[in-house]
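Colleague: Order-wise, the sequence lines are chains A and C. Using the UniProt record's numbering, the letters of the first sequence correspond one by one to residues 1 to 819. Using the UniProt record's numbering, the letters of the second sequence correspond one by one to residues 1 to 819.
One or more of the hints may lead you astray.
Since the list can't tell identical chains apart, any single copy or any two copies may satisfy a pair.
Mimicking EDC-like on lysine to aspartate or glutamate, the simulated pairs with C-alpha atoms at most 20 Å apart in a straight line are [stated by the list, open to error]: (1) Lys63 - Glu133; (2) Lys747 - Asp560; (3) Lys63 - Glu706; (4) Lys747 - Glu324; (5) Lys747 - Glu581.
Everything labelled a hint here was simulated from the structure, so no lab data went into it. For clarity, every value in this text was computed on a predicted model and none was experimentally measured.
Protein chains: 2
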Amino acid sequence: MPESTPQPGGVPSGDAPSGGELPREVLSGEELAALDAHWRAANYLSVGQIYLMGNPLLREPLKPEHIKPRLLGHWGTSPGLNLVHTHLNRVIRRHGTDALCVWGPGHGGPAVLANSWLEGSYSETYPDVSRDEAGMARLFRQFSFPGGVPSHVAPETPGSIHEGGELGYSLAHAYGAAFDNPDLLVACVIGDGEAETGPLAASWHSGSFLDPVHDGAVLPVLHLNGYKIANPTVLARLPEAELDELLRGYGYDPLHVSGDDPTLVHQAMASAMDTAVTRIRHIQRTARTGAAPGGSSAPGGTGARPRWPVIVLRTPKGWTGPAEVDGVPVEGTWRSHQVPLPGVREDPAHRRQLEEWLRSYRPEELFDEHGAPRDRVLACVPDGERRLGSTRHANGGLLVRELPLPPLERFAVAVERRGATRHEPTRVLGDLLRAVMSATADRRDFRLVGPDETASNRLQAVYGASGKAWQERVLPVDEHLDRHGRVMEILSEHTCQGWLEGYLLTGRHGLFSCYEAFVHIVDSMVNQHIKWLKTARALPWRAPVASLNYLLTSHVWRQDHNGFSHQDPGFVDHVLNKSPEVVRVYLPPDANTLLSVADHVLRSRDYVNVVVAGKQPCFDWLSLDEARAHCARGAGVWEWAGTEDGTREPDVVLACAGDVPTQEVLAAAALLRRHLPELAVRVVNVVDMTRLMPREEHPHGMPDREYDALFTRDRPVVFAYHGYPWLVHRLAYRRAGHPHLHVRGYKEMGTTTTPFDMVVRNDLDRYRLVMDVIDRVPGLAPRAVAVRQAMADVRTRHHAWIREHGTDLPEVADWTWEG
Amino acid sequence: MPESTPQPGGVPSGDAPSGGELPREVLSGEELAALDAHWRAANYLSVGQIYLMGNPLLREPLKPEHIKPRLLGHWGTSPGLNLVHTHLNRVIRRHGTDALCVWGPGHGGPAVLANSWLEGSYSETYPDVSRDEAGMARLFRQFSFPGGVPSHVAPETPGSIHEGGELGYSLAHAYGAAFDNPDLLVACVIGDGEAETGPLAASWHSGSFLDPVHDGAVLPVLHLNGYKIANPTVLARLPEAELDELLRGYGYDPLHVSGDDPTLVHQAMASAMDTAVTRIRHIQRTARTGAAPGGSSAPGGTGARPRWPVIVLRTPKGWTGPAEVDGVPVEGTWRSHQVPLPGVREDPAHRRQLEEWLRSYRPEELFDEHGAPRDRVLACVPDGERRLGSTRHANGGLLVRELPLPPLERFAVAVERRGATRHEPTRVLGDLLRAVMSATADRRDFRLVGPDETASNRLQAVYGASGKAWQERVLPVDEHLDRHGRVMEILSEHTCQGWLEGYLLTGRHGLFSCYEAFVHIVDSMVNQHIKWLKTARALPWRAPVASLNYLLTSHVWRQDHNGFSHQDPGFVDHVLNKSPEVVRVYLPPDANTLLSVADHVLRSRDYVNVVVAGKQPCFDWLSLDEARAHCARGAGVWEWAGTEDGTREPDVVLACAGDVPTQEVLAAAALLRRHLPELAVRVVNVVDMTRLMPREEHPHGMPDREYDALFTRDRPVVFAYHGYPWLVHRLAYRRAGHPHLHVRGYKEMGTTTTPFDMVVRNDLDRYRLVMDVIDRVPGLAPRAVAVRQAMADVRTRHHAWIREHGTDLPEVADWTWEG
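Just need the whole structure built from these sequences, with the hints factored in.
Modeller: Following this line, the structure appears as structure tokens:
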């Protein structure tokens, strides 16, 4: 064990914001005994879940048949989580606080489940797991058992908004939950393994964005138990003074609790918790009465950000578990990470050791003859929705309200003649977002997040209704910084994503705008969120939450400034690998379709919506009414762009998805009409990519009949797609017409160059598309050979021109649609 | 501008490891003038690249035709980078140091190119860009111009190992370059925007892993210019004391330099650089002479990690650029991020302002009548390979040596009878890696990285040849920690990936072992590395480097402890979207094939190799010789597993890729042989996934003839694939037999359950595969209906059994292949 005496930190309780020393004995003997009983009960139940499938109260000596055949789960972190839960119970009761806890070391599922069962939340959510001996048996058996509950904290866990399987996101989730929840205390246990991850490290700086007036408080508890799976942790091995500096450097005021003597640790932890809550209240009171920094809303205010408390809890890994197993140390080492006694079913000595371990918690003192927790055990437990397993904040769908979306007519661009005007679609969307921001000014349940790109993505109209959240110094030259802002900008996609997930899962709304290429930074996070939603949707007690909406812009085709490193349209491919009931992908081709799609996704629930749209001037193709109808269908024929006259089947289908491909397809259609007027050309635009999938594979998938009516069963289809071309094949391979499908898209031919050169390099340009058509339609007039050559000639001319002039050919730069 | 006077930091020069005050005037008048001239020249050249396509020396007043038609690039960070480069030149010369610099704010491409041209490295690499007026004109014109060079630091940039487009990885790259390069100083400029990212934040802790004996030094220069694209940066706005605490908490000893008066900043910067280099030498000398902490190789040593210096450089963004443009402040604000004067081609006032700006550097003092830099400008420039643009360490292919790989026979498992024995493939690989570690003990050019999972992934044999790198406290209970270890474990996939990239690009070898699901954490990093390799391969002066090799294990089918959150096989899909000449994907089905694949990838150059292999006991199917032959083909018929007798065509092909799918397919083949012996079954195993692709799309792609010979053109193919099933369709959709291809794989039906239940949930189990065959082969005997029902019955039985017992059906658990 790393330490043997508690070392209360260096600051006083009371209203003083910082400095001094923690009081050592804040608990009476009875209080201490009750807290310890609760902790022991939780520890007992944690061990029981990992090992037992019978004899939960040890009414008889343990036999092999009481032991699960497969021992799965994580003990090491559980006693620490149980300690934190016990003491959170105490301060919630004592201070009358609404609280939520994010369990970073969520692999300690047994601990959180144990506490939820103790406080009754679990049995209220799952009545078959009652708070008695039968329920305890069920609680034990179901854990990590086929058909039972996962080994981690998960959507199935009452009170949770955070799956603990992938480490790094707890603190960002906690801040997301705290934003615009002024009366909520969000505790967040951070494992010392998790603390090594990049996303966690970045999220410490979230305090620079937390408004003490309108936001709640986050209380991080950095739990140093010293070891990961197989290694010591960096933070636990730093010299203590250095760790203290690190946390102060992150902007916090650390309270240190450490030891392995439960009595002393209980006193120190109670004292640290009281001090933390008192300081938080002091900061909030000061800010909210306008008496101090943070209370002023003047953007030029120079008030300092408050220093929020953080608790550093240093206790042994696997504390109270077997000190040694088979002659090697286990408690206080990495060996206690999962299942400290592996052989209990087969090995009587191990089984005896397990039984001693379980009995060391004195279960007879903790549970009555029916298996229910005794009163003393429950003395610290808060009431009703104050219980961590019962807070509505962890079931955000119960709290979410309809977002007040204004009529789109106010923002739509007028389309008198198709393609006659151009707008920057995201700028048009910015006006809509500004209105949403305005409409939620009092409710404060909408946030826009992005990595320093809101203006770059041309959404800056939103600043007219809310500035950018910022608690650090403000200089006179700064613009739009706002201590109470709801636009969130930090150059960390991870933090943006984590904040937004926490905000949504606690019942609010939001949008994440991101450069298309760099959203891959959060690939793994969105995986976890999709998995969360998939699981949550199947739980009747979880109410639907607002969707996680991405606006991906500054996309692959327009990286004029940045080139190859900023070109990657593969996020769509990534999310489409995931559960089809959760994921939606939209590629609106112009400003009005973007408005319609945005309106749709902002109203939706329980989805991850990916919207890809450009920020550069883009031709306006559809009126708002047409856009709505087109988006409702998700894919449709643009009769006006082809040669449709209702009398004949097309010779070829030109399909497109995405703003730049749509422009190229329309230009190609115009070229074909001019040069090969006898050719029957159909133009199909796809907004909702999942419509291409079979009905059986995605709820939006078109029936074959509809697909065939759109794309034909036997005519060549030349499809210009925004991203990697094979994605379209992967979606459409079961369709009858698939053998005739030819897809163009981005194929990693990227660099810093002009917009048109980008499409030429990737064979997505209008001239290439015309050539593709000529190559595929049988029986064309002999003239087609010359037309094809003319197209190839323009491409050759392009290459020479661009190297000479650095700009696009005038006929391309000045091109407009002639309807 | 944020500051107006320089504030030299709080520590002395000389050998003292820390504390005291920086000397204020270390430069003589002439030295200062020469450094300033170099800096001005670099600034002039940076501005020239952004704006000019003619008149590079301003021999006549600027006219519109001298200005590029599209103004692209980033000015804001450039003067700061130029300052750092100038002063690095000085210390390299003065201290006779081998150095490399990683430019985190790599969007400042103009700065790095300017310095490279000044020192002559650029013209030596690209002789057409000579160090004279014509070359300067070319340097300017080519920048961010179609057919020219990218706007960021990139593979095309001499001296670079780091593409600056995606922020966050500079410091990890720098540490990777420093490992096992004891005489190298790796400077690393970190932008204050970049410093907000998670990966960067985590990588500060790399000092806990840097061995002062065998590794070189990293000198981070945190460049606070105050703003990102549109926002202030968090670190620049922290109270200075808090930032100092943060860096101390990260384990460094900060040296502060700030100001906007060039003379004062030059003095302060020279002093800080001298102090930093002196301290680094002191730390290294002490460690290497065994006189102090870090010098002891005893794993139990308690020596403290040294505190390495970091320079905090605070200068205005866009320093020396236009103070105001059109009445708003630009220098010292975010407005100088890209192109401070946007309208110079059209607007004479802007053009005049640009000319004044360029002339403010007094180009006539800097360049002679031929346009070559004058002697004074070059006074600080080091010689030959000491120049940052000419160091061989930045062109690692020049340094890389053949990895000494031992004969595989020493590690191969004996296969007397197929499927009669089982081995954990990664454990077998661990023995090979141990031998590689041993063979490189003196050369020190091989490292194994992983996020705390080396032992979990069963590679721990490697500890027999090298412990785990660790510079923090060591406790008696710890195992395998080693101050000089080359196994790297930190719970940050980002840091692991960054370290390895830096290590490989400087000419060494390595392997990244990772849980399959969590490698998505580095999706975006691997994107950038693949893009780097693609570009580098096309540059004749860049020599090939060792491949980046992933071992993905603890895979989707065996997440017994962790369940759904740990299940994602999509990394393969992600990399297969990238440049086919760079990416390779292998799924060895047993221990010997894993050995053969590992041997191959460790010898390869300039690839990203993804190897997916299990750590759980797996049947041994192939002898080493067979494995080699099979891996060389990449895909082949396993005659012994099917009913091949050379006389008849198969009725059905059972294909498989991956260890678990292979087992299920072999079990299905055995069931078919028993129950439908008249059916001609072919078993095909695929190791190299890219063989399925068309020849035109991937260099490993099979010709159609070969594909057809393997899979037939018209027989049903039931393909059991390790990952998402549609990937196989996406690879094979052009093949003649594609309409008959039916793929099973992972479809997000995940949870904590038994191994066999996982395959049942995803319809990949042997019984389902047999049913698939029966459903697809026409004209089967009527008995097939009963066989199909029997298979369905086992699946039903499975569901009941598992809920009751929590284990797999005995007939599955005890199954072995009967050859």
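Colleague: All hints are to be evaluated individually against the structure, with a verdict given for each.
Modeller: To see whether the hints hold, each was checked on the structure:
| no. | hint | in the structure |
| --- | --- | --- |
| 1 | Lys63 - Glu133 | within (18 Å within a copy, 89 Å between copies) |
| 2 | Lys747 - Asp560 | within (17 Å within a copy, 38 Å between copies) |
| 3 | Lys63 - Glu706 | neither (63 Å within a copy, 60 Å between copies) |
| 4 | Lys747 - Glu324 | neither (57 Å within a copy, 42 Å between copies) |
| 5 | Lys747 - Glu581 | between (29 Å within a copy, 12 Å between copies) |
In summary, the numbered hints that this structure violates are 3 and 4.
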